[in-house]
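Participant: Please construct the entire structure, taking both the sequences and the accompanying hints into account.
These protein sequence lines map, in sequence, to chains G and H. The numbering of the first sequence is my numbering, which starts it at 19 and goes up by one. The numbering of the second sequence is my numbering, which starts it at 19 and goes up by one.
Worth flagging that the hints you see were computed from the coordinates, not collected in a lab. Bear in mind that the values here come from a model prediction, so they are computed numbers and not experimental data. Among the hints, a few may not be true.
Which copy is meant is left open, because identical chains are indistinguishable; a pair holds if it fits in one copy or across any two.
The calculated lysine-lysine pairs, modelled on DSSO-like cross-linking and capped at a C-alpha distance of 30 Å, are [to be verified]:
hint, residue 1, residue 2
1, K127, K274
2, K187, K247
3, K81, K211
4, K241, K289
5, K247, K274
6, K241, K173
7, K81, K274
8, K241, K187
9, K247, K173
10, K173, K274
11, K127, K173
12, K274, K289
13, K241, K151
14, K289, K247
Protein chains: 2
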Amino acid sequence: MIKYDIKRADLEQHRPYVKGLSWSEGAISTAEWTGVLLVDLLAYHLLPASQRTNYQALYELLKNAGVRHIRFDGLDMDPTGGVFGSSLPIDLALDPHREVIVAFEMNNKPITRDHGFPLRIIIPGSIGARQVKWLDQITLSTDESESFWQQLDYKYVLPTADGKVPDLKSLPAILDYPVQSVICTPSDGQTLKNTGSVTLSGYAFSGGGRGIISVRVSSDGGKSWYEAKLSPASPAIQSNVAEINSDSPSKSRSVKQWAWTLWTVDIPIPKGIDEIEFVCSAVDSSYNTQPEICSATLNVRGLLSNCWHRINIRFDNSDCKK
Amino acid sequence: MIKYDIKRADLEQHRPYVKGLSWSEGAISTAEWTGVLLVDLLAYHLLPASQRTNYQALYELLKNAGVRHIRFDGLDMDPTGGVFGSSLPIDLALDPHREVIVAFEMNNKPITRDHGFPLRIIIPGSIGARQVKWLDQITLSTDESESFWQQLDYKYVLPTADGKVPDLKSLPAILDYPVQSVICTPSDGQTLKNTGSVTLSGYAFSGGGRGIISVRVSSDGGKSWYEAKLSPASPAIQSNVAEINSDSPSKSRSVKQWAWTLWTVDIPIPKGIDEIEFVCSAVDSSYNTQPEICSATLNVRGLLSNCWHRINIRFDNSDCKK
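Facilitator: Structure representation (structure tokens):
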């Protein structure tokens, strides 16, 4: 589950107009969700029993009826009296390999109140803002959700827009997100004993089910890189072996990767050095990379900030034996 | 159709070890392909007549039979005596919205000999190297194609690999590609009359059906940007209107974008200026961006070079009326 205003704090350093909660690297979590595929739920209600897995027939039925978007409305109301809502184009909503589900369990227990009890929408590989909690209604529609959150918030208003606010309704609603990586340990600003090397670890992910094929860490500002060990490796890397040969129901559906990839790497530290800036950068299975500098992805709402993550670590070179 | 070793020439400037033909911005074209969906061809041969559009049933059938990859072999032989071949994971090969086809027409005429007569595979949104010409065989398989081109070429050998060649078979075969944009006119090194402004135009695209939502051009090295006009606009932008409401068979299938997006923009040119470096950069519908510098995507084979495109233009400020 990804709040994709993480690292907005980085963007704020570049321009004062970036608006929203000043999230840093922490607005992310991973959980196991249990539910019913949205496409199965619709097929159950709309197709004859003999055709229940014929998703193409369902797609044609909806398309011929003029349906273009599936809308989701929650029970929570905002200050203006509207409910929190979102929608998905039918292509995506009905793709069984996108695994959009109406979820009723989180980590094998009923979803807690804060996470959307009793039902919520889970859209793997998409920003959290579309994943409606406390689900009240599913509507087949010609148009996108009209909610404030679909039409006016979570839009990528580009850097050229300084001052001039474009017609927000004409901009696409953010759904997938770009490749991202973060160093979790050590923490920025920490002082470590110089033992000749340091182990760094963190997470990486990308949108749309694209796996992570590489996380690299540099201690010289990007001139040279150390390749991190990934866990799990991207399905793209292991496509000949484990993942799609697995008989686990959750793994055998597709070669897409929905959760974060954890990584770890050992970096040598020269003797006597006082301070190092470490940067990390990932590559996803479509070979997307992260921009070097945050100003390259500036946008008014401070969304989708995915430049190289940088931390400064000080090293204590004093000899303990003294 | 994208030869994704375009712009390898940029990478060669950074490291002498980059191998392969020194392509610049030109190794790309767009055509209209006509053929039979691969999934329909397989369903026709493997499913009972009443189930012909039940792609999920086909997927389950193949998966239960141990099939994980669909292999394609051409008739052209390489110097080692192997044929040119590739393969796709079944998830992708059987996804009707990925529109993988066995093509028999190019631009409404039989495919010419050079382009693969009589049949070739078209995999929209993927690199050209997988799109086998002069198609001879389609094989259902447990494993990837064993051809040289699938196992040993068109792999992204990462920058840390200088000198050390990793086990190429363990690396994923490149399929999708990252977001890219190019300035086509004016040409790098051209001298233009300074009329107070210049019109730049070019193309942009991204892999996997991700559309282009923004192309930006800068005349000050990326400090400020001019937003280009796009044609066609990304389906993600127009998802409420034209594209998926269209009754054209090719357009009504999905909201994916397979062809390039052309763009144009007018940039003001200050009086008396002698030379400007213009750079362009695109954003795709998953909000992927291009890296600023080519060394950020260095790899031994010089593939997937998608840093900002840069051209230098000289301006003639002499007064013609003299």
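Participant: Each hint: holds or not?
Facilitator: Now for the hints, and whether the structure bears them out:
| no. | hint | result |
| --- | --- | --- |
| 1 | K127 x K274 | within (24 Å within a copy, 36 Å between copies) |
| 2 | K187 x K247 | between (42 Å within a copy, 18 Å between copies) |
| 3 | K81 x K211 | neither (63 Å within a copy, 53 Å between copies) |
| 4 | K241 x K289 | within (20 Å within a copy, 38 Å between copies) |
| 5 | K247 x K274 | within (19 Å within a copy, 33 Å between copies) |
| 6 | K241 x K173 | between (34 Å within a copy, 22 Å between copies) |
| 7 | K81 x K274 | both (26 Å within a copy, 16 Å between copies) |
| 8 | K241 x K187 | between (42 Å within a copy, 27 Å between copies) |
| 9 | K247 x K173 | between (34 Å within a copy, 19 Å between copies) |
| 10 | K173 x K274 | both (25 Å within a copy, 20 Å between copies) |
| 11 | K127 x K173 | neither (33 Å within a copy, 42 Å between copies) |
| 12 | K274 x K289 | neither (43 Å within a copy, 53 Å between copies) |
| 13 | K241 x K151 | neither (44 Å within a copy, 40 Å between copies) |
| 14 | K289 x K247 | within (25 Å within a copy, 54 Å between copies) |
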